[in-house]
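Asks: Line by line, the protein sequences are chains A and B. For the first sequence, counting from 1, position 96 maps to 96 in my numbering; every step adds exactly one. For the second sequence, counting from 1, position 140 maps to 140 in my numbering; every step adds exactly one.
Heads up, some of the hints might be wrong.
A pair counts as met if it fits within one copy or between any two copies, since identical chains are not told apart.
What the hints assert, rightly or not - Computed cross-link-like contacts, DSSO-like style, restricted to lysine-lysine with a CA-CA straight-line distance of at most 30 Å: (1) 17 / 106; (2) 106 / 90; (3) 7 / 90; (4) 106 / 140; (5) 90 / 104.
It is worth saying that the hints were derived from the structure and are not from the lab.
There are 2 protein chains.
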Amino acid sequence: MSLATFKVTAESENPTKTVVRAGNFEMIIDEPKNLNGTDQGPNPVEYVLGALAGCLNVVGHVVAREMGFELNGISFELEGDLDPAKFMGKATENRAGYQEIRAKVKADSNATEEQLRIWLAAVEARCPVSDNLSRSTPVKIVLN
Amino acid sequence: MSLATFKVTAESENPTKTVVRAGNFEMIIDEPKNLNGTDQGPNPVEYVLGALAGCLNVVGHVVAREMGFELNGISFELEGDLDPAKFMGKATENRAGYQEIRAKVKADSNATEEQLRIWLAAVEARCPVSDNLSRSTPVKIVLN
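The following block holds chain A by itself, in its conformation from the complex (with noise of 0.2 Å):
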C-alpha cells in the first residue's frame, strides 16, 4: 500500500495564538491566561490529547467491525502531566513533553468484558496517533 501524505499550514496570529488550516477546516490553537496566552482555544498539548481521543474513535470502530460486535459509541477521559520548566527555560532534568499520557475509553456496545480488553489491545496497535505518540518518530524541522 502506498503511503498517505497528510499536511497542514499555520501561521501565528500572536505570540501564543495559531491559527492552523487542514483542508477546508481551521483549528485555533493558543494558550490560556495563566499561561501567558490570549485563550482564544485549546493548547498545544490539549490538541495531542484531542488527536488521540479522535484517533482511537475512528479505529475503535474499524476494529469493533472486523470484530462483529455492535459499538454505539465511545467517550474519553485523557490525561498527561508535564513540567512546564523546560520550555520555559529553567534548569531541569525533565523532558519537554508529557511524562505520561492516560486515556480511559468507555464503549457503548453489546460486547463482553473479554472482547473489549482484546478490541482495546488492537485499537491501541492501530491507532496512528497512539503509535506516535508511544514510539519514536523522526520529526525534522527546518527554517523556511
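Start from chain A and add chain B according to the hints.
Replies: Frame of chain A; chain B shown alone:
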C-alpha cells in the same frame, strides 16, 4: 517545579467524528469522505501536525524573547506520511503512524540566519509536542 496536568474529554458522534472538550473549547475531529468519514473537521493525524505548529509558535516566541531579537510572526508548513494498511487491518511491516514528520518554519524577524539556527534548535528541544513525538512517551489506555 511541579507537574501540570492537562485534561480533555471526548465523545464519538459517529464512527469517524469525535467531539473533544478542552476547558471551554471544542475540537471537531472527523475523516474526509475518501476515508469513509463525514468530513466535518480535520482528521486525527492532521490534529497532530496542528498541535506541533501551535507548540513551535509558543516556544518560538519564548526563545526569541530570551535571545533578544524581534519576532513578528512565524508561518509553518507541516506534513507527514503514513501507511494506512496497519489501521485498516491489512498485513504490513509498517508502523501505524507517521513514518516521518517534516516542518518548515519561516520566521518574520530581524535575527541573522545564524541566530535563527540556534533559535530553531532550542525551540525543537524545548517544545513539548516535538518532544512527545520524537521520543517515546508512555501511553496508558484502559477500559472505563
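Asks: Tell me, which hint numbers fail for this structure?
Replies: Going through the list in order, the structure violates no hint and respects every one.
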